[in-house]
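For the protein sequence lines, the chains are C and Y, in the order given.
For what it's worth, my numbering labels the leading residue of the first sequence as 1, then goes sequentially.
For what it's worth, my numbering labels the leading residue of the second sequence as 1, then goes sequentially.
These are computed hints drawn from the structure, not numbers from a lab.
From a predicted model like this one, the values you see are computed outputs, not experimental measurements.
Beta carbons are placed, not taken as given, at the ideal position from N, Cα and C, and that holds for glycine.
Hints are not guaranteed to be accurate.
Within a straight-line C-alpha distance of at most 25 Å, the following computed BS3-like cross-link-like pairs (lysine-lysine) qualify [said to hold, decoys possible]:
id	chain 1	residue 1	chain 2	residue 2
1	C	Lys114	Y	Lys188
2	C	Lys21	Y	Lys138
3	C	Lys361	C	Lys372
4	Y	Lys17	Y	Lys216
5	Y	Lys144	C	Lys114
To spell it out: a stretch of chain Y is covered by chain C in this simulated footprint if at least three of its residues, at any positions, have a beta carbon under 8 Å from a beta carbon of chain C; those stretches are [claimed, not checked]:
id	region
6	59-65
7	80-92
8	108-121
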Amino acid sequence: MNRYVLRALFEDAFRQVLDDKVFRLLVVLAIVLILPTFLIGIRPEGISLLFGWKVYTYAEVSGAFGQAAAQSPDIQVRFIQGLQDGIVGGLAGTVGLLFCIAATAFFVPRMLEKGAADTLFSRPVGRFTLLLARYCAGVLFVAVLSFLLVLGMHIGFRLVSGWSDPAFLWSALTLTYVFALVHSVSVAVAVFTRSSIAAILTTLLFFVFTGCVHQGWISLEHTRAVQAEDIARGESEVEGAKGFKLLKDTLDAFHWTLPKTTDSDFIVAGLRKSLTESEPALTDSNGLLSVVGSPDGFEREDASSSDLGSNPAVWIARDAAGQEKARIELSRRSRRDGDVIDAKGKPKLRAPGSYSLDDSKLLEKDPSTRDKPVRGSRPGADGLPFAWVRWRTQGETTDVNRARGFTGLDEHLYVVDASFQPHFGTEDDRDRALDRFLDQLRVERKSATNLNAQDWYMRTFGWSSPWRHNAFVSIGTSLLFAAVLLLLARWRLSRIDF
Amino acid sequence: MTDSILSVRDLRKVYRKTFQRRGGIAALDGISLEVGRGTIFGLLGPNGAGKTTLLKVLLDLVRGYEGEARVFGLAPSDPRSRRKVGYLPEAHRLPGHLTGRQLLRLFGGLSGCSPQDLDKRIDPLLDRVGMTVAADRKVKEYSKGMQQRIGLAQALVHQPELVFLDEPTDGVDPVGRAQIRELVLELKKSGVTLFLNSHLLLEVELMCDRVVIMDKGRILREGTIADLTPSTGVVHFEIGAPRPDLDRVLAGVGRNLKVDGVRFELGLDPVEVDLAIDRLRAAGISIRAVDPRHLNLEQSFLGLVKSTTAGGVSR
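Just chain Y, same shape as in the assembly:
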């Protein structure tokens, strides 16, 4: 991959108690991946898969790992590696004694932004996350959804090039979720790389270019959404009017015909699709829609995780 912004190689992290020398819980077990500039990278996995640990290693929140990690070409222990990084943690606790506006000034300042730059950025940012009205209220008075919105704003206030979002829509209402999705896509358009960690698979499917599925500290699969949602071999058709003789029209083409009024589905190899359409047209049947069915991300994810639990790892 060219123009890599983040890379990890054979990353391992074992959590041990203070005086424990051996054993412990392996949170990361040989992770290797590379993320290019301007992509939205999804991180999926069940609880305890190691997703958050991976983010925390990259942000220097978790130390004592083995292997190599690089963010903008620098080791995570180098604070300069975080200059252009934004992070919205899962279940974050923002300083309650600050107002939303003061919070953005604090985190912007900690990232090295000048007060003049912050003056220009904060109001538009508050507007983008829908927090203009509540900007001068104390954070401790915010609802869960408002805290999530201001949390997202603090991750973006210093105009980062790489943003880690851990459950960004957690606690946000459907309208807010749509706004956040829109914002994420806007950020992608402006060249920002996003690392999205979410349990909401639909969200990941809608937003991410590439996805990594993890379990028990290992990568089970990595690829584009298309790679991870292969065709099921079933094609869904919608026709102009119900036809009781469909099994006769399509005799010898495909398998497992299931008819439901004007809709039917048929198991077809890719080369059989044209043949099926020709048969239907020859029989004078009007075709309204043809939809080859794919596995959705959830089905793909569950299939992978179940196979790992059963003992196998597919790559």
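Excised from the complex, chain C in its bound form:
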């Protein structure tokens, strides 16, 4: 095959895509989604409409939706990332891909129709080459749309909002990658049935099915990891119930056979994380937690030790006169400090909530406690759930607002202890300071016990992970699936009499 043939095939694929009405509709929709990124600026100080014509603070925006004031040091970044994830990962990654599946499913059946096939296949080009050209036309269809949407949004955010995650650009590639996997199903079904309807329905079902299989498998793997951690801690000796072995084996078989379409989200998330997150300022040397940096307005005191078990880390906020107005301490201790003994004769691990309960009972009895302590839970960064107790206590001169949060990471209990002087600010200011601090926390180990399945898989999955959770293996087996389907299509195509 010479280069003129390749050029002709490429030009034809491009023209076929451009002539497609659904493609043009999707281009318009992509522009509709891109346009707001040029008209609305998501700035650190708030949301700016039409280049500063009107600016709303984040508190105003949150209030308009009946939400508590959202404040975080990186709220701009979070807001933009949320929009990018929602539009590209959510909208384009699901509804958009469904549209694209429907729009490209007729490419191959139309080529194989009598009359059309005669003209095309009588040329000195192999049948499989022509089939691959149609497959590539479909992939090109999505690639153009994905790059338009992602690049357009990226430029819009960069120019008008002043920030956009460079790793966001990978989303275009992963959208195209996912479609390339799914499109191989469409092409194979089209060759076997020569029906657009059959290709569309089968591919849509496959897309949903493979997503469900992969999510199910992640949950299964998470459960296995939790059980393995239990065994390692001596809390369990058997690896779960055997009743569902057939179901688990079936799920495993499906997972390893089918393309792992949802892994693309984890690949992008991993890339974004590696590009946007810096080295932590503090890593607990004998534990599992790290602290990315100091929250706004706070500075760490005595950063010489990194063992939170022996020396709590302390962050202090001072006023203009150098007087302390708030203090946050982070420490670690063992969760096996209860009276309940497990089968191994060791004290059982305690839930973080039990510490906040004990604390609140003790505080209630403490005469220096002003009001009844309030308990609650608060989601921390990185999927860590914190059990909190808040109270007001009598200080040297005035009352001090206190808050203490507990979270468990395997054997460890991490305690955040905060105290706020009255001149620090309102309750909202205190909440904001705590949120900003919790935002800085990162779990350093892939502990399944303390993470939900998605967060655990996010941490476990990667380029250098063991083979079961390795990105190369995921991509390799997925591409293998697509290659096998295309080879099946080739086999069938070679036997068709036109």
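Following the hints, complete the assembly by docking chain Y onto the known chain C.
Below, chain Y without anything else, positioned relative to chain C:
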């Protein structure tokens, strides 16, 4: 035959369903033929005779046949065998998203032509098929006749040496048909071999050098137009003025005299023609025309097909 461009030997093709192992429909049943360079080869036969299957086997559109087929000395499964082959299928569907010009660039490119060569060829070709004005309109907007013309152009864009035309004038108006006939004859003059499959027997008679008549997957007869249109033994005469005494003048010469004014026809053996002319001249009759009558291709074709249907095959 010397300088053969295409040959098939004992070609058989049975269409079977996917999991069918036996039976099926025999589309080709032992076809053997050879086509020389620079000829126009006509393929005739009723529907289902196997004409299109034969073309498709030669173009690798139909596989799983038995016997041997060679195009430019190569098996049809070898894509190189189609480098110098053009094909206009019957009831073709060309990519509607392309303009006529883009279509020719696509098919030219697929045949390995460079863009520079195509730049030089496309405009004259569009002109030859009468599509210059509509060249930049989308194919899906073309009428049936226009699609046929652009289809013919795509078959010729890479300057093939062998062209298969399956019903090339289908849907084309009489002026267009004449243009296509003219183009086919021009191609023949330039040394191109044409394989013409048409139901229009007059067209085949006017254009083809050799003709194959097929039915039920077999060749019933192959030969030149003259071979396939033998003399009927009837000679048609036209004379200067009506003569009521013609039966007397021609007494003892020929059979079945039929007179119609200045024209008459007479059954004559070839050796009797001179005698009849001598008699007429001796009687002072002015002879304007003498026309020995032959079977036309349609009569020959129908006769052959009917005889096959009745049970016999003449070769």
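Cross-check of the supplied hints:
1. A C-alpha spacing of about 29 Å is found between C:Lys114 and Y:Lys188, which places the hinted pair above 25 Å, so the restraint is violated.
2. About 15 Å separates the Cα atoms of C:Lys21 and Y:Lys138, which keeps this hinted pair within 25 Å; it holds.
3. For the proposed pair C:Lys361 and C:Lys372, the alpha carbon gap of about 10 Å is at most 25 Å, so the pair holds.
4. Restraint check: the Cα-Cα separation between Y:Lys17 and Y:Lys216 comes to about 19 Å, which is no more than 25 Å; the hinted pair holds.
5. For the suggested pair Y:Lys144 and C:Lys114, the alpha carbons sit about 17 Å apart, so the restraint of at most 25 Å is met.
6. A stretch counts as covered by a chain when three or more of its residues have a beta carbon under 8 Å from one of that chain; for the region 59-65 of chain Y and chain C the count is 6, and the coverage holds.
7. Counting residues of the region 80-92 of chain Y whose CB lies closer than 8 Å to any CB of chain C gives 9, which reaches the minimum of 3, so the coverage claim holds.
8. Check result for the region 108-121 of chain Y against chain C: holds, 8 residues qualifying (beta carbon to beta carbon below 8 Å, three or more required).
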